[in-house]
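Chemist: Given chain A's structure and the hints, the job is docking chains B, C and D onto it.
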Amino acid sequence: MKGILDIFTIVAVAAGAFFFLAGTVGLLRFPDTFTRLHALTKADNLGLGLVVIGLLPQMDGVMAGLKLILVWLMVLLASATVSQIIARALRRGGPEP
Amino acid sequence: MTEALTLALVGLLMALAVWTLVARDTFAAVSGFVPYGLLLTLAWLQLRAVDVAMTEAAIGAGLTGVLLIAAAARLRPTEAPAWAERPGLPTRVLAAIVSAAVAAGIGACVLLLPDPAPTLAPAVAQNIASTGVGNPITAVLMSFRAMDTLLEAVVLLLGLIGVWSLAPDRAWGGRPGPAPTEDPNSILGYLARVLPPIGIVVGVYILWVGADLPGGKFQGATVLAAMWLLVMMAGISDAPAVDRTWVRLALAGGPAVFIAIGLLGAGVAGAFLGYPEGLAKPLIVVVEAALLPSLAVTLALLLTGPPRRKDGDT
Amino acid sequence: MNTPTLLGLCAAVLVGLGLYGLIVSPHPLRKIMAFNVMGNGIFLVCAVIARRGAGAGMGGDPVPQALLITALVVAFAASALAVALVLRLFEETGSTSLSAQAAGPQPAAAEGEV
Amino acid sequence: MPPSVPVDLTTPGGLLLVLAVLLPFVGLMLGFVLGGRRAQQVAWVTIGLGAVLVAAIAHRLWVSADALVYLLGGWAPPLGVMLRADGLSVCMMVLVMVVVIGIGIYANADFRTPDGVREKRAALTFWLLLLAVWGSLNLVFVSGDVFTLYVALELLTFAGVPLVSLDGRGETLQAALRYLLYALAGSMLYLLGVFLLYGAYGTLDIALLAQRVGAEPVAWGAAALMTAGLLAKTALFPLHLWLPPAHAGAPAAASALLSALVIKGAWFLVVRLWVDVFPGVVTLPSAQLLGALGASAILVGNVVALRQARLKLLVAYSTVAQIGYLFLMFPLVAGLDAAQLDSAIAVTGGLLQAISHATAKAAMFMAAGLVYATLGHDRTADLRGAGRALPMTMAAFALAGASLIGLPPSGGFLAKWLLLSAAIATAQWWWVAVMLVGGLLTSAYVFMVVVRAMAPAPLGWEPKVRVPRSQQGAVLALALCSFLLGLAALLPFDVAQIGRSGALSMGAR
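Chains as they are written, first to last, in the working numbering: chain A, 1 to 97; chain B, 98 to 411; chain C, 412 to 525; chain D, 526 to 1034.
These aren't lab readings, by the way, just hints derived from the structure by calculation.
Hints are all accurate, no fakes.
Capping the alpha-carbon separation at 30 Å, the derived lysine-lysine pairs in DSSO-like fashion look like this:
no.: 1; chain 1: A; residue 1: Lys67; chain 2: B; residue 2: Lys378
no.: 2; chain 1: A; residue 1: Lys67; chain 2: A; residue 2: Lys2
no.: 3; chain 1: D; residue 1: Lys645; chain 2: B; residue 2: Lys407
This is chain A alone, in the form it adopts within the complex (with noise of 0.2 Å):
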């Protein structure tokens, strides 16, 4: 049991580490500031949430599992919220895209 859990945590927090770079390498490749913001949060809550669901079976207790999901949704508000306004910024007029 211990060791299938183990191994599902490694896959699991290895394809977000994969989505990560992708959103990294796509913010660095990527023409515009939309769609380097399109690769950043997609890629990036995809990846944190890989990361949060293959620590899970890690934790400790339910408690410390629930705010870890905790962390992961805040990050998700955080992180829409911050790309919304500054693709709003843009539209508005702002330093060039």
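Modeler: Below, chains B, C and D alone, put in the same frame as chain A:
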């Protein structure tokens, strides 16, 4: 393995530090500074300083980052003239030599520090029981070296008085920051309604666990300050006018309670900032709870700056 | 080389970098950032010292860690005051130059006896 | 009580030290909450109570003939923080009290909240910062812990910087910013030294450090960093560039506070470190370096002061020069120590120099402020009429100037006499030459100002404003303090050295 991680961390830290110094655009430099602060948090963790890591993340990277970003955005027009004032090559070479010498001296000192290192950890462990708290850092901050913490609260208050003193005379008694304009459909407004209840719980929780686990008033106060700033940024509530008595009471209340309990100690426990036998923990919690709102208001107002407008101004 | 020593040397370099930036940067906001880089280097020295003093079941000496928290908060207050001054100077004069007056830039040679 | 306390070191009356530190800050908070003209009233009540407190501390010291000690929270060092006041500290506390009262009386007229106005920014800020400067200096004098001293230095900086830009003009904002940047860099270097000391010796307590510090690289590094940082804050040549614009641009009362008191905080700390903590670490050549910087400051500051076109700038550059005298004591102390002689004479000489300069410089800045108010300008080339309109003030300026020059029976004379004797005793004749040349240069600009001010006013000239007599009286009183300080030589014994042999018996030797 740990060494490899540390090496990577050191490399990144230095690269980001260099970036914040050489980047031509100040805004770009600040966006190097914030991850620099967050990476430092990892360094504190590697050095097993969890409380410091939390403070760094909250204040060092978080609040300082916000402060610098806001300032960089407003100071854009001054960048080109400043660049033209760059000191000449001789000065820079001299500065580089001096800085390198200082760095080398510090490096040598670090390498020459005695081994085994002197430490007060055993002394803290021996005496922590009489303070009733479980977190040794809280014991140091609130009992063994409580004077420093008291003075630090005064430093913050004095810093705020200094910031306020920069107001133009016509704006004295007014409010800091730009006038609020709430956009009902803005997602920021949504966030500013959803997040604060959670943030307040988190902030108070950090204070509460600080007695026994990593955490404490500074970290908790930063979270509360951030919530208030969010509400102000979203335009839901306005920054308070600086001559309101409640604002001033909120600012001075925490340090005042601290001094009062300290003097109580002088009367009852035989020493200023001493705690009577058995009452140490409750009194420490009272002081921390009184400091929390004061620190939160001070930190938030330090960020919003001096008063700039009076009600009725356009 | 172990982790604290490595980070201690990193701290020394950060202090050097910050000091250089503080002397050379012409823009006050950049000086404030350099001050923060330097300050963080100094705090890192302190954290290294705390870690070296681990004992009695603690991962580090709690006294320097507590000092560190105090110093971090004080440094933030200092940055806030400095930034407020820069912004006010800009509002008042439209410039943030520190060298409009006869006195020149930060005297580099002055730090010589460090 | 905690088991780690071997003996209770707290002496009777130790609590007075705590109160001396707390009282100004309590007044600050109360004045801040009440606001408006209440702040000024609160400040005066606080100053009144503070005067009683300082008198009580001085009396206690005199009676017990030993240092006052207080263990905060009952925790003994190295875990806890100790407050300790020896003769040096108490002399400085008395000085600060006297100067604060003088400046307060002067400022009553300038920083009043006018009727019909609820609160004025500059007035409120000034009174709060006056209390803050006073409280932070008390803390600098009595703290026995190098980290608490760091916090005290930061308090002093945060109180001093806004004083510079109190009137909000662009050039004063710039001066304040430069001052702040120097001061912050200075405190950071000091803090790094503190951390290194802790890393090497495991304590922050001055008395314990004095026992443990040895002549080794880490101690040298820490001493160098802390000294360099403090020099930037005291504005010793060549780190003085921030001072003249900052001190000359501030309102007169604020200039007096900054020039007379604030810079003395960092200087006092250098004395503490070099004389009490690092006596075995600092070498004679390093003390000579410090003295050489002081000598350069005396020469450069005085020459530049002579060439100033504005009175306030002249007085500010004279501060740069007088700071130099404060640092001549270090090679003398080191020389006396090296010759196995008692170094007390040089320490007392330095202390007297600090006291006489503080009172004289506060008087001079405030006199310059009155001249400015009366003439509408302070161009040194045209001071005609100042002597007629402000006889008391110009007399005060001359008396203060006499003290700076070192004419008997002024405090400056006694200070320079002690320093000269120490220089001769240790055969360091070059400092004698510097002091004599410095005195000549000082007398040149003091006489220049006084002679020009005595010139008859042009026909039909009227003073712009009539300054209140209380302001003139405060200026004269401070100048008289400085001028008559030389009578301290009549005291039965050296008050400044009370409790200092105790420090040494706890210390290295």
